[in-house]
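Participant: Below, each chain spelled out in residue letters.
Protein chains: 2
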Amino acid sequence: MSTEGFHYEVIAEDGPARAGRFVTPHAVIETPVFMPVGTQGTVKTQTTEEVAATGARIILANTYHLMLRPTAELVAQLGGIRRFMGWPHALLTDSGGYQVFSLTGLRSIDDGGVVFRSHLDGSKHALTPERAMEIQGLLGSSIAMVLDECPPGAAERSVIEQAVRRSTMWAKRCLAYPRPPEQACFGIVQGGVHADIRRAHLAELAELPFDGIAMGGFSVGEPIETMYSLLSELAPTMPRERPRYLMGVGKPIDLLRSVGSGIDMFDCVLPTRNARNAQALTWGGRVNLKQARHTADEAPLDARCDCPVCKKHSRAYLRHLIRAQEILGIRLVTQHNLSFYAALMRAARTAIIEGRYAAFAAEAEARMLAEDEIGGPS
Amino acid sequence: MSTEGFHYEVIAEDGPARAGRFVTPHAVIETPVFMPVGTQGTVKTQTTEEVAATGARIILANTYHLMLRPTAELVAQLGGIRRFMGWPHALLTDSGGYQVFSLTGLRSIDDGGVVFRSHLDGSKHALTPERAMEIQGLLGSSIAMVLDECPPGAAERSVIEQAVRRSTMWAKRCLAYPRPPEQACFGIVQGGVHADIRRAHLAELAELPFDGIAMGGFSVGEPIETMYSLLSELAPTMPRERPRYLMGVGKPIDLLRSVGSGIDMFDCVLPTRNARNAQALTWGGRVNLKQARHTADEAPLDARCDCPVCKKHSRAYLRHLIRAQEILGIRLVTQHNLSFYAALMRAARTAIIEGRYAAFAAEAEARMLAEDEIGGPS
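Order-wise, the sequence lines are chains V and U. Going by the numbering used here, the first sequence opens with residue 12, and the numbers climb by one from there. Going by the numbering used here, the second sequence opens with residue 12, and the numbers climb by one from there.
Be aware that one or more of the hints could be misleading.
Intra- or inter-copy, both count: the list cannot distinguish identical chains.
Only pairs whose alpha carbons sit at most 35 Å apart, straight line, appear in this in silico DSBU-like list of lysine-lysine [as the list claims (entries may be wrong)]:
| id | residue 1 | residue 2 |
| --- | --- | --- |
| 1 | K135 | K301 |
| 2 | K262 | K55 |
| 3 | K183 | K55 |
| 4 | K322 | K55 |
| 5 | K55 | K323 |
| 6 | K262 | K323 |
| 7 | K301 | K55 |
| 8 | K301 | K262 |
These aren't lab readings, by the way, just hints derived from the structure by calculation. Keep in mind that this is a model prediction, so the values were computed, not measured.
Kindly produce the complete structure, drawing on both the sequences and the hints.
Facilitator: This is the structure in C-alpha cells:
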C-alpha cells in the first residue's frame, strides 16, 4: 500500500474468503466490513454514537450531495466532514460520479469530465477527476474514490469499452492530484457484465499505486446471479495485499456470497432505506412491520440479535410506531438493521478465521430464505 | 392525598413559589417539573433513555390517540403503556376530553358524555366519565385525569357556567370509578377567563379526594397576560398539600411566571413541536436554525447548556441537517429543547430553595427576551 498510515493485512483465508485488518489513521477496520451510508453527513436518523455502538468504524459519505449542500468549502472551513458531523473514526467518500451519472438528461460528458445540473436548484457544476479529488480533499475523508464513468447497466459493449478507457485515464489523473495527509485513494474497476473487459480493467488498475481496489457498476439492473458469477471469477484475482471493495451492494445474502468470493468491504443504503419502509433485516430474513401479524407480538425483531432495540422493544410496539408514523419507529428499525449488518460481518469474519466459512454462509442463507416473511425479490 | 403510594410534600416556599417532592409508585418527582408529551406512546423522535437522561421522571401520553390506535385494550394486553413503550418512570394520561372537544363538528355532548368520530377513520366512539377512567386504567398510567368539558376560549359566560357544572358532576363520577392500584387521579378546574367561576369550581373540587388539582382551559386563545393575572390570583389558593398542575402551558417565560404563582407541574408540546420546526429554546431565547446567520457558526445552540447536543454539535451542523431535511436534525433539537426545559425547572427549584426565585425569574426572563433572535410572539 502506498499511502502513509494505511496498512492492510490478511489475517486468515478460507477458500477465497479472507479475514483482514485494515489499519487507517482514523480507525482500525476489521474485514469483512459493511460501511453504513451517511449520504448528507449523517447516517439517516442515527447519531454517530449509535452508529459506532453497532461496531462500525468506517462509514461512507456522498461527495455529490455534500458538494452541493453545504458545499465542500464550508465543510473544510468547519474542520472536515468527520469533525463537522462528529464522527471520530474512518470515513470513505465516493467521487460523486455515480450520482451524477444517474442524473439522466442533466449532464454532458467528455474526456475532461462531466458537467451537470444540481437536483436541488438546477445550478450548473463540473466534476473533473481533479475537482473530484479536490472536493474529497476538502471534505477530508480517510479514503477518496477515483472519478469513474458508470455507464447504464444495459449499455452496449462499445459504450462500456469507451467508459473503461476513460475511467483508466481519469484514475491516473486522480492519483496524480495531491491529496491531504491521512487520505488514501482507491481505484474502481468497471466493465459491466463483460468478464473480459473487467479483467483487463482490473489488470490496468492493479498496476497503479492505489491503496485498495473497488468493483463498481454492479447492482445496476443485471441479474444477481450474473454478479455472483463475475465476482467468483474476478474477486480472487484482485490484488491480495490490498482491500477489495464491492460498491453499493447489497442484501445480506449478497454480502455472504461476495465475502465467499474474497470481497472485504461493502456499502449499501439498504439497511437504512428499508428501515424507513418498515422493513427489518434479520437472521431470519426480512420482517415487514406493516403486517398485521405483528399487532400483539411481544417478540423482538430478532431473538438472535443483541442490539439495544431487540433487547428492549416488541414487534408490537415497533409496528405501532410505524403505523402512527412516529419517527422513533424508523429510527429504531434503522438501528437494528445496522446492528444486524455489523453482526453478520463479524460472524462471517469469525467463521473465516475458524475455517468454516462455506458452512456458515450456507446455513445463514438457508435460514434467511426459509424464514423470510415477505417472499419474492426485495 | 388519598391514593396509596402517592405523597406530595412542600420542601421550600419562596413567596407563592414552591419547591416540592411528589412521591409516586413509579418515580419520585421533584417539582416544579415539566412533563414531556408522548402523545402516541413516544416522546416524538426520542428514546425513553434520552428522555430520562434529561432528568425527566414523568411524561404525558394522550388517551384520545392511544384509545384509537393501538387501542387501550391492546396496550393493556401488552402490560400497560409504561411497559409497552419501555418507560419505567411515572406517566400521566389526560382524559381524552381536550382532543375530543377540539374535533369541531365531529361530536355531540350531553350530561352522559361525548360521542365523536375518529380523525383516523371516521369510526364512532363514546367517551363518558366512566369510559375515560376505564381507558386510563387499561393504559395503566400513574396519574389519570378526570374527563371535563373544555368550552372554546371565546365561549359565552353561560356556556362556561354550564361546562363547569357538568365538569364537577363528571369529576365525581370519575372519582367513583374503580382505578387500578398505583393510579392517582387529578381534578381539573375550568372557568375560562372568569375568576369568580374558576374560584367557585376550585372550591368544589378541592373538597373532593383528588391527589392533585389541575388548571385547565388556558392557552386556548386568551391574552397571555390574562392567564398570568388569573394564575397569580388563583394558584396560591389551590390546596397547599397537593400538587398543582397547569395543563398545556407553555413557553419558557410562561413556566417562570406560573412557578412564581405557585404552580408545580406543566406539560406542553412546544419543546418537541417547535424542534420539528427548526426552533431551539435556550437560556438566550429562541434560535431559528433556518436563519442563514448560522451557516458557518461553530457555536452550540446554547453555550450555557450542558446537554449532549450542545456539548457536541455546532449550529452549522444542525442547520445543515435541518436544510437537508435529515431526521437527525429535529431529533437533536428536540433532545436539546427537552434538556433545556428540564434544566429551567431544576434552576427554578434551586432558586426557590435558596429564597431568590423572583430575582432568578426576572433575570432569566430578561435575558430570554433580550437575546431572542426571532422577535414577536412565538
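Participant: Look at each hint and say if it fits the structure.
Facilitator: Tested hints:
Taking the shortest alpha-carbon separations for K135 and K301, only the inter-copy value of 24 Å comes in at or below 35 Å, while the best intra-copy value is 41 Å. In this assembly of identical chains, K262 and K55 lie within 35 Å of each other by CA distance both inside one copy and across copies; the values are 18 Å within and 30 Å between. For a Cα distance limit of 35 Å, the shortest separation of K183 from K55 inside one copy, 34 Å, qualifies, whereas the shortest one across copies, 50 Å, does not. Taking the closest pair of Cα atoms, K322 and K55 come within 35 Å of each other both inside a single copy (22 Å) and across two copies (21 Å).
In this assembly of identical chains, the alpha carbons of K55 and K323 lie at most 35 Å apart whether taken from the same copy (21 Å) or from different copies (18 Å). Proximity of K262 to K323 under the C-alpha cut-off of 35 Å is found in both arrangements, the shortest distances being 25 Å within a copy and 33 Å between copies. Taking the shortest Cα distances, K301 and K55 sit within 35 Å of each other both inside one copy (21 Å) and across copies (20 Å). Only within a single protomer do K301 and K262 lie at most 35 Å apart by alpha-carbon distance; the minimum there is 20 Å, versus 37 Å between protomers.
Hint violations for this structure: none, all hints satisfied.
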